[in-house]
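With the hints as extra help, turn the sequences into a complete structure.
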Amino acid sequence: MSPTGTASGPARPGWTLRRLLSARNLVVAAATALALLLPLFGSNFFVEFVMTRTMILGIAAATIVFLAAYGGMISLAQYLLAGVAGFMVGNAVVAQDAWSKGLKLGWNPWVAVLFALAVTTAVAFVLGALASRTTGIYFLMITLTYAVIGYYVFGSITPLSGFGGITGIDPPGLFEDHPVRMYLALVVLSVLVYVSFRVLAATPFGLALQGIRDDPVRMASLGFNVSLHRTLAFTLAGFTAGLAGVFNVWWNGQIDPTSISIGPTLDLLIVAVIGGTLSLEGAWLGAFVFVAANNYLRNLPLVDHIGITEARFNTIVGVLVLLIMILSPDGLAGIIERVRKGLHRLFQPPPGPGSTPAEAAAGSP
Amino acid sequence: MSTDAAAAASAERHGSLLSLEAVVVAFGGLQALGGVDLQVSQGDRLALLGPNGAGKTTLFNVIAGDIKPTSGRVTIKGIDCTELPARFRPRLGVARTYQKTRLFRGLTVEDNLYLAQTGRSGRHLALLRSGVDAEFRDRARAMAETVWLADVVGTTAGDLSHGQQRQLEIGMALVTGPEFVMLDEPASGLSRGERERLVQLLLSLDRDITLLLIEHDMDVALRAAHRVVVMNEGHTVASGTPTEIRVDPLVHAIYLGSEAGLGGADP
Numbered sequence: 001m002s003p004t005g006t007a008s009g010p011a012r013p014g015w016t017l018r019r020l021l022s023a024r025n026l027v028v029a030a031a032t033a034l035a036l037l038l039p040l041f042g043s044n045f046f047v048e049f050v051m052t053r054t055m056i057l058g059i060a061a062a063t064i065v066f067l068a069a070y071g072g073m074i075s076l077a078q079y080l081l082a083g084v085a086g087f088m089v090g091n092a093v094v095a096q097d098a099w100s101k102g103l104k105l106g107w108n109p110w111v112a113v114l115f116a117l118a119v120t121t122a123v124a125f126v127l128g129a130l131a132s133r134t135t136g137i138y139f140l141m142i143t144l145t146y147a148v149i150g151y152y153v154f155g156s157i158t159p160l161s162g163f164g165g166i167t168g169i170d171p172p173g174l175f176e177d178h179p180v181r182m183y184l185a186l187v188v189l190s191v192l193v194y195v196s197f198r199v200l201a202a203t204p205f206g207l208a209l210q211g212i213r214d215d216p217v218r219m220a221s222l223g224f225n226v227s228l229h230r231t232l233a234f235t236l237a238g239f240t241a242g243l244a245g246v247f248n249v250w251w252n253g254q255i256d257p258t259s260i261s262i263g264p265t266l267d268l269l270i271v272a273v274i275g276g277t278l279s280l281e282g283a284w285l286g287a288f289v290f291v292a293a294n295n296y297l298r299n300l301p302l303v304d305h306i307g308i309t310e311a312r313f314n315t316i317v318g319v320l321v322l323l324i325m326i327l328s329p330d331g332l333a334g335i336i337e338r339v340r341k342g343l344h345r346l347f348q349p350p351p352g353p354g355s356t357p358a359e360a361a362a363g364s365p
Numbered sequence: 001m002s003t004d005a006a007a008a009a010s011a012e013r014h015g016s017l018l019s020l021e022a023v024v025v026a027f028g029g030l031q032a033l034g035g036v037d038l039q040v041s042q043g044d045r046l047a048l049l050g051p052n053g054a055g056k057t058t059l060f061n062v063i064a065g066d067i068k069p070t071s072g073r074v075t076i077k078g079i080d081c082t083e084l085p086a087r088f089r090p091r092l093g094v095a096r097t098y099q100k101t102r103l104f105r106g107l108t109v110e111d112n113l114y115l116a117q118t119g120r121s122g123r124h125l126a127l128l129r130s131g132v133d134a135e136f137r138d139r140a141r142a143m144a145e146t147v148w149l150a151d152v153v154g155t156t157a158g159d160l161s162h163g164q165q166r167q168l169e170i171g172m173a174l175v176t177g178p179e180f181v182m183l184d185e186p187a188s189g190l191s192r193g194e195r196e197r198l199v200q201l202l203l204s205l206d207r208d209i210t211l212l213l214i215e216h217d218m219d220v221a222l223r224a225a226h227r228v229v230v231m232n233e234g235h236t237v238a239s240g241t242p243t244e245i246r247v248d249p250l251v252h253a254i255y256l257g258s259e260a261g262l263g264g265a266d267p
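Order-wise, the sequence lines are chains F and E.
Be aware that the first sequence starts at 1, since it is given in my numbering, and climbs by one per residue.
Be aware that the second sequence starts at 1, since it is given in my numbering, and climbs by one per residue.
Incorrect hints may appear among the rest.
[Stated by the list, open to error] Mimicking SDA-like on lysine to any residue, the simulated pairs with C-alpha atoms at most 20 Å apart in a straight line are:
1) F:K341 <-> F:L322
2) E:K100 <-> E:P51
3) E:K100 <-> E:L38
4) E:K68 <-> E:L92
5) F:K104 <-> F:G168
6) E:K68 <-> F:F115
7) F:K341 <-> E:K77
8) E:K68 <-> F:S227
9) E:K68 <-> E:T82
10) E:K77 <-> E:P51
11) E:K100 <-> E:K77
12) E:K100 <-> F:V217
13) E:K100 <-> F:D214
14) E:K100 <-> F:P216
15) E:K68 <-> F:V217
16) E:K100 <-> E:L84
17) E:K68 <-> F:R338
18) E:K77 <-> E:D37
19) F:K104 <-> F:Q254
20) F:K341 <-> F:R24
21) F:K341 <-> E:T156
22) E:K68 <-> F:N25
23) E:K100 <-> E:D37
24) F:K341 <-> F:R133
25) F:K341 <-> F:N25
26) E:K77 <-> E:L38
27) F:K341 <-> E:D159
28) E:K68 <-> E:G34
Keep in mind the hints are simulated off the structure, nothing from the lab.
Put into structure tokens, the structure is as follows:
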């Protein structure tokens, strides 16, 4: 349906209703509606713990997917950037007289958010400017190095991180003691992030980013500043990861260097891989599978029976990732796409031999 | 002969567009270019011939800014471009294609042709569409028609056939509205009919457009060019009109003689 839709009209249709009502958009809209209505029938634990964490990880993983799918860059620094935002919020909001550590600036929580996002964006710009000169596996390795350096920087500068981390970080009054509100805010933010990334992909900036993904050499010879473009995309992804980091620290109420160490960094990559690094929807799907496996799989009687205890959760996730990678390098989103195409073929009569060129020819003036 | 005279007249009118002075490129111990001098005037149609490894593509990459010469000078429109990175070439009106197609394989034909224009204009950092974009889109579709891709404007570039990808490659160079076009083996892998269309396209280009062409297909090269420069082992060894080059004994010895089917190129 969609390929003929784009080929048949030489004039670009723009944001017509028909394009907006694609199967993909309808599924996303239905999932959003379900997520918004969930507090009406879901258990407290499911909404305030499982789904809230899913949304936070989903937004953070979406920044990995955005960079990978549109920019061809796999970044391992996204959790670090979320952590930078978290540490900034922690240092800024905890009051001077509180029994906690860190700078204890005692700022208004919303001012703290602006401050945290500004710092995170600036850090992302600098890190991006250095990393954007590399591609592929080298980009991945440089961003992995960032994650490791970040962990040690926060671990060593104890005035910024406290010895055992910063505790007692309260969210603003709007969310304090209202976990459902925080959940709903995260759903809305997730939708905003998702829609923004998709709209961005169709802008001149987003198209150029995809051009750089496909062939940076050609882009340079066409007059594009490739590394600046990559840097700006990385900065934008860093800002968005910062948003996830702010909610993460509000939700946890504390942050310490271990929470941005290599373990959580790789967890976030696993989330993106489970969902599929080429599909934005996959970020939230992967986050849900990861969080659900983390919370429910270890309680299954069978799992107990064969001796997989909490300490062996990584084994379960490892096997899960391995299976998904073998079945579909594009993650769960890739599997869903293949099932969809299979069903489509099953219910759609095979096209006649000459139909596609005929349709294409009919479209040309 | 009349076309040669016209080219000479045009050269006199416009003066030098590209000038290479003693350009040397060494990759480690291998000297790919051993001091090449070349003058190209505006409106020139110049073909570079030579056997594989003669240094033609290296020379291209030096002119396009992808390789910095070990020594020597590159001047385009009177501006010293020796140290200038590739991305500043389009502002001087330079556009090039690649021997191995370099397309945005994940994007549609139209998006490829659209993106090719935005780099020069600085529009690629824009987050909103504007009237300029509509103009670029129109020009992209018009160029798709020019390079016989009107039927597949919505097709992803990676899904095109080899011939169509070569056509898109040329379209992406022409759509930028260049003054100086460099084509690296545009006819490679094309069928006889497609090559004929390519020649017609090159002959139909605006007279003011300067063309630098690397081509192994003698028929295409000698018909599209007014002037031919022959390279061998990193040096220019002969230069002249297509008619002169056809009969040059040195050229026959180093290049034409090595191709058994050459007789077919003569009319």
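Outcome of the hint check:
For the hint pairing K341 of chain F with L322 of chain F, the CA-to-CA distance comes to about 24 Å; that exceeds 20 Å, so the pair is violated. This hinted pair checks out: K100 of chain E and P51 of chain E have alpha carbons roughly 17 Å apart, not beyond 20 Å. Among the hinted pairs, K100 of chain E with L38 of chain E is inconsistent with the structure: their alpha-carbon atoms are about 25 Å apart, more than 20 Å. Annotation: proposed proximity of K68 of chain E to L92 of chain E holds, straight-line Cα distance about 17 Å (limit 20 Å).
For the hint pairing K104 of chain F with G168 of chain F, the CA-to-CA distance comes to about 11 Å; that is within 20 Å, so the pair holds. A hinted pair counts as satisfied when its Cα atoms are at most 20 Å apart, and K68 of chain E with F115 of chain F does not qualify at roughly 44 Å. A distance of roughly 54 Å separates the Cα atoms of K341 of chain F and K77 of chain E; the hinted pair therefore is violated under the 20 Å criterion. A C-alpha spacing of about 19 Å is found between K68 of chain E and S227 of chain F, which places the hinted pair at or below 20 Å, so the restraint holds.
For the proposed pair K68 of chain E and T82 of chain E, the alpha carbon gap of about 7 Å is at most 20 Å, so the pair holds. Under the criterion of a C-alpha separation no larger than 20 Å, the hint pairing K77 of chain E with P51 of chain E is inconsistent with the structure, at around 29 Å. In summary, the hint linking K100 of chain E to K77 of chain E is not supported, as the alpha carbons are separated by about 28 Å, beyond the 20 Å threshold. Only pairs whose Cα atoms come within 20 Å are accepted, and K100 of chain E paired with V217 of chain F is accepted, the gap being roughly 12 Å.
Between K100 of chain E and D214 of chain F the alpha-carbon distance is near 14 Å, which keeps this suggested pair within the 20 Å criterion. Taking the CA atoms of K100 of chain E and P216 of chain F, the gap is about 14 Å. The hint holds against a cut of 20 Å. For the hint pairing K68 of chain E with V217 of chain F, the CA-to-CA distance comes to about 15 Å; that is within 20 Å, so the pair holds. Restraint check for K100 of chain E and L84 of chain E: the C-alpha separation of about 24 Å exceeds 20 Å, so the hint is violated.
Between K68 of chain E and R338 of chain F the CA atoms are separated by roughly 47 Å; this puts the pair beyond 20 Å, and the hint is violated. Note on K77 of chain E and D37 of chain E: the hinted pairing holds, with a Cα-Cα distance of about 16 Å set against a maximum of 20 Å. Proximity of K104 of chain F to Q254 of chain F is assessed by CA-CA distance (about 13 Å); at most 20 Å being required, the pair is judged to hold. Only pairs whose Cα atoms come within 20 Å are accepted, and K341 of chain F paired with R24 of chain F is accepted, the gap being roughly 12 Å.
For the suggested pair K341 of chain F and T156 of chain E, the alpha carbons sit about 18 Å apart, so the restraint of at most 20 Å is met. Of the supplied pair hints, the one linking K68 of chain E and N25 of chain F is violated, its CA atoms being roughly 48 Å apart against a limit of 20 Å. Straight-line distance between C-alpha atoms of K100 of chain E and D37 of chain E comes to about 26 Å, which puts the hinted pair past the 20 Å bound. Of the supplied pair hints, the one linking K341 of chain F and R133 of chain F is violated, its CA atoms being roughly 38 Å apart against a limit of 20 Å.
Simply put, K341 of chain F and N25 of chain F have alpha-carbon atoms about 16 Å apart, close enough for the 20 Å limit, and the pair holds. With a C-alpha separation of about 14 Å, the suggested pair K77 of chain E and L38 of chain E falls inside the 20 Å cut-off, and the hint holds. A C-alpha spacing of about 18 Å is found between K341 of chain F and D159 of chain E, which places the hinted pair at or below 20 Å, so the restraint holds. Among the hinted pairs, K68 of chain E with G34 of chain E is consistent with the structure: their alpha-carbon atoms are about 14 Å apart, no more than 20 Å.
The structure does not agree with the numbered hints 1, 3, 6, 7, 10, 11, 16, 17, 22, 23, 24 stated previously, though it agrees with the rest.
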